[in-house]
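Each chain is listed here by its residues.
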Amino acid sequence: MTKPRFAVIRRFLRDRASFLGAAIVLGLVFCAIFAPVLAPHPNDIYDFHTANRLKPPSWDNPFGTDRMGSDLLSRMLFGARTTLTICVIAVGVACLIGIPIGLIAGYYRGWVSEMLMRIAEIFLSVPQIVLAIAISQTLGPSIENVVLSLAASFWPFWARLAYAETRSVKNEVFVESAIALGCSAPRVMLLHILPNIASPLIVRTSIGMGVTILNAAVLGFLGLGAPPTTPEWGRMINEAREFLPDAWWYVTCPGLAIFFVVMGFNLLGDGLRDILDPRIRRGGARRG
Amino acid sequence: MTTNAITNTGRLRMKTKMLRMVAAAAAMFLAPALASAQGRYVHANNSPFDNLDPHAVFDVGRAASRINMYDGLYRWVDNPPKMIPWLAESHTISPDGLTYTFKLRRGVKFHDGSEMTSADVVYTMERMLAMKKGPAGLFLGSIAPGTTQAPDPYTVVFTLKEPSAIFLSTVPEIQVVNSKLVQRNVKDGDHGEGWLSRNDAGTGSFALRRHDPAVGFIATRFKDHFYGWEPGKKWFDEIEFRSVLDVNTRVLGMIKGDYQGTDGYLPYDQIERLRKEPNIQILEDESMRVFYFAFNMSRPPFDNVHFRRALNHAFDYNGFINDILKGSVARNPSPNPNNLWGTPKDIKGYEFDLDKAKAELAKANIQLRPITINPLAGFPETEQASVLFANALRKIGIEAKVEASPWNIVSDRFRSKDTMHDMVPLWKSTYYADPNNWVGELFTTRHHGGRSTTWYSNPELDRITDEALRITDQAERTKLYDKAIRHIVDEAVGIFVYNTKWFGPYSSKIGGIRFSPIGSGQEMRWAYFK
Numbered sequence: 089m090t091k092p093r094f095a096v097i098r099r100f101l102r103d104r105a106s107f108l109g110a111a112i113v114l115g116l117v118f119c120a121i122f123a124p125v126l127a128p129h130p131n132d133i134y135d136f137h138t139a140n141r142l143k144p145p146s147w148d149n150p151f152g153t154d155r156m157g158s159d160l161l162s163r164m165l166f167g168a169r170t171t172l173t174i175c176v177i178a179v180g181v182a183c184l185i186g187i188p189i190g191l192i193a194g195y196y197r198g199w200v201s202e203m204l205m206r207i208a209e210i211f212l213s214v215p216q217i218v219l220a221i222a223i224s225q226t227l228g229p230s231i232e233n234v235v236l237s238l239a240a241s242f243w244p245f246w247a248r249l250a251y252a253e254t255r256s257v258k259n260e261v262f263v264e265s266a267i268a269l270g271c272s273a274p275r276v277m278l279l280h281i282l283p284n285i286a287s288p289l290i291v292r293t294s295i296g297m298g299v300t301i302l303n304a305a306v307l308g309f310l311g312l313g314a315p316p317t318t319p320e321w322g323r324m325i326n327e328a329r330e331f332l333p334d335a336w337w338y339v340t341c342p343g344l345a346i347f348f349v350v351m352g353f354n355l356l357g358d359g360l361r362d363i364l365d366p367r368i369r370r371g372g373a374r375r376g
Numbered sequence: 010m011t012t013n014a015i016t017n018t019g020r021l022r023m024k025t026k027m028l029r030m031v032a033a034a035a036a037m038f039l040a041p042a043l044a045s046a047q048g049r050y051v052h053a054n055n056s057p058f059d060n061l062d063p064h065a066v067f068d069v070g071r072a073a074s075r076i077n078m079y080d081g082l083y084r085w086v087d088n089p090p091k092m093i094p095w096l097a098e099s100h101t102i103s104p105d106g107l108t109y110t111f112k113l114r115r116g117v118k119f120h121d122g123s124e125m126t127s128a129d130v131v132y133t134m135e136r137m138l139a140m141k142k143g144p145a146g147l148f149l150g151s152i153a154p155g156t157t158q159a160p161d162p163y164t165v166v167f168t169l170k171e172p173s174a175i176f177l178s179t180v181p182e183i184q185v186v187n188s189k190l191v192q193r194n195v196k197d198g199d200h201g202e203g204w205l206s207r208n209d210a211g212t213g214s215f216a217l218r219r220h221d222p223a224v225g226f227i228a229t230r231f232k233d234h235f236y237g238w239e240p241g242k243k244w245f246d247e248i249e250f251r252s253v254l255d256v257n258t259r260v261l262g263m264i265k266g267d268y269q270g271t272d273g274y275l276p277y278d279q280i281e282r283l284r285k286e287p288n289i290q291i292l293e294d295e296s297m298r299v300f301y302f303a304f305n306m307s308r309p310p311f312d313n314v315h316f317r318r319a320l321n322h323a324f325d326y327n328g329f330i331n332d333i334l335k336g337s338v339a340r341n342p343s344p345n346p347n348n349l350w351g352t353p354k355d356i357k358g359y360e361f362d363l364d365k366a367k368a369e370l371a372k373a374n375i376q377l378r379p380i381t382i383n384p385l386a387g388f389p390e391t392e393q394a395s396v397l398f399a400n401a402l403r404k405i406g407i408e409a410k411v412e413a414s415p416w417n418i419v420s421d422r423f424r425s426k427d428t429m430h431d432m433v434p435l436w437k438s439t440y441y442a443d444p445n446n447w448v449g450e451l452f453t454t455r456h457h458g459g460r461s462t463t464w465y466s467n468p469e470l471d472r473i474t475d476e477a478l479r480i481t482d483q484a485e486r487t488k489l490y491d492k493a494i495r496h497i498v499d500e501a502v503g504i505f506v507y508n509t510k511w512f513g514p515y516s517s518k519i520g521g522i523r524f525s526p527i528g529s530g531q532e533m534r535w536a537y538f539k
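For the record, the sequence lines run as chains A and B.
Counting from 89, one number per residue, gives the positions in the first sequence under the numbering used here.
Counting from 10, one number per residue, gives the positions in the second sequence under the numbering used here.
So here's chain A without its partners, still in its complex pose (with noise of 0.2 Å):
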């Protein structure tokens, strides 16, 4: 019994680009969680010495200091705390609302279901952004809005795929056997249908965990996101703006930081995908 498991950690061992991926996005883990130890200068989040500002990349600052003198690669490290509790409670949240509202939407057929897909079909209709953007700016500008503003308008994503998904679920025989042996519509969707549709859930909140990072450095960017003085990769950008060309680490240190944890958390979710879905499995199909 165990060894298709294995098979399945081997397979994807062997998928460089889906390893890469996650090896990304469990330094970002790491990063977050060891930030006070990592940082060579844990003090500098709270602490600025001015007259040590802007200067170059060197030993004591790996990626130079920032436009009030802190240490930019201490306040990266506690950026990557701020970026990942955004995502991780912005996903979650979105999954919470999306999932059940697409399950119940799936389930049953009629007004309800309609209802609620309609609803998540003009959430869908604003672009992202834009929804998210109105959200923080009227809610005026703290991590816990921005996560808001993304949870609001990120779970009809989640609705969509588990209502199509459990639709197509729905006919199988199992699910009919189980309805059929009297078991009432909770357990059928949550012990039956769920396991069955997380595949593609989980590989979605993978690759939506990279789109809310990039949505949330956005926010951040355009000043709606953290307030001042939190570390975050998107205000640091729009910081150092400001001191282009000269600084040039000062932009581009947080610059690479979203841009590789954007693609560690795409490149895992092909390689979920690949893993998980076995309708499109990449070493079988494809290579012939």
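Hints were generated in silico from the structure; no laboratory data involved.
Mixed in with the good hints, there may be bad ones.
With a straight-line Cα cutoff of 16 Å, these simulated EDC-like cross-link-like pairs (lysine to aspartate or glutamate) come out [unchecked claim]:
hint	chain 1	residue 1	chain 2	residue 2
1	B	LYS189	B	GLU202
2	B	LYS492	B	ASP475
3	B	LYS404	A	ASP148
4	A	LYS143	B	ASP475
5	B	LYS118	B	ASP197
6	B	LYS539	B	GLU239
7	B	LYS354	B	ASP491
8	B	LYS285	A	ASP135
9	B	LYS189	B	ASP199
10	B	LYS141	B	ASP421
11	B	LYS410	A	GLU232
12	B	LYS404	B	ASP325
Got chain A sorted already, so can you dock chain B onto it with the hints?
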């Protein structure tokens, strides 16, 4: 085959014809643009021109519309500022110091061609007093509505309620509007503000051509301006003041040559960057513009003097002035500029010392709450100061939230004590060169909701500053202002940081920029292309 060839040539002919038409149309559109480009000056402005009414708006960020399209009775020029006759040629003061009689210049034309007379000046004064906005604060205390007289078309008589030491120096702010034109456009008793906020009714050196609150304004040179235009100089035919909130865009636009000038109060990092550019000149001048944090004194815990002193000890003056601004400015420990008479020379001010701040906070013994700081978007210095301050405050246990807004929004918030944030970092510029411009306006009860940015009220300070306005002897006034300034510093009503130097970036093709701390070099009638 032949038919094909024929149709092909036919098509070709059609194409050439079309191309010619397009070229002609393009030439028609481009020609005026090119012609005006010869004498066109584009200024990247740090604040939006949401309102052009000279009697509604009165600040440096939006001074360009007032100063270029309107004329006052007198005008401030140069540095140190001196007043020259402008719409008025001379004045006399009655022996009791209450009656000011101005003789107006003859033959001054408004932009619509009609002549400016004393009736327009009377209407202007009454309009300001009725609207109670912008510059009205300068006159509300000293002139009663209905008391301004016009005995003949070229004479205006102002009668003051009591002698005023500053009345004469505020005369340049009587920016005369075309009374007939404005009255025609009054709607529902709004004094024509709705109309004048988008149109111009002045005599100034430039006449409005186009205004868009989101973009800025364009004005063309008024050839019939009374001051005349010396022939042979390449005066600006057209000026455009475009609102460009982002500093980086302003700086890059200067380097690229899209803008010929921008504000003279850029962050010093940017000045150093512009200095390296061969097509840009940086003009330098001493200014009188004090950078400070205004406190909203109407809410606790700002009513507690120890709390306010704690705040004063928590700002890193040296780090801000010497490192972030690279020593380009000097510390100014009081609300009034050091280089003006009346400011005590021996005043010490507060120093950055977190231990002292903590001690003061312990003495205050109050319930702390999160404090809001409202820096100005488009002025990165105010944000950097706020962030620096917020971090120091966190170390003494005060949480501060920083949120930036554009200047027109911040200035609207000042009008009510409920909408103003707890602290606002900003500059107090010169509107007239008198100590009253600072200590007499920012902290006095009579200016609440107008020129006051603090909602501070103290009967003793009100008495001192009122008395200083009534007497004209400068030695006596110096003593009073000395006392008032010491009171403000001792009471810590605000954090006073530095006095600005003006670094005006202009295209090196431009000459004749005439800087005065009043208006900050935005008067374009003196400037020309070399």
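We went through each hint and held it up to the structure:
no. : hint                 : in the structure
1   : B:LYS189 to B:GLU202 : holds (14 Å)
2   : B:LYS492 to B:ASP475 : holds (13 Å)
3   : B:LYS404 to A:ASP148 : violated (24 Å)
4   : A:LYS143 to B:ASP475 : violated (51 Å)
5   : B:LYS118 to B:ASP197 : violated (28 Å)
6   : B:LYS539 to B:GLU239 : holds (14 Å)
7   : B:LYS354 to B:ASP491 : holds (9 Å)
8   : B:LYS285 to A:ASP135 : violated (32 Å)
9   : B:LYS189 to B:ASP199 : holds (15 Å)
10  : B:LYS141 to B:ASP421 : holds (14 Å)
11  : B:LYS410 to A:GLU232 : holds (14 Å)
12  : B:LYS404 to B:ASP325 : holds (12 Å)
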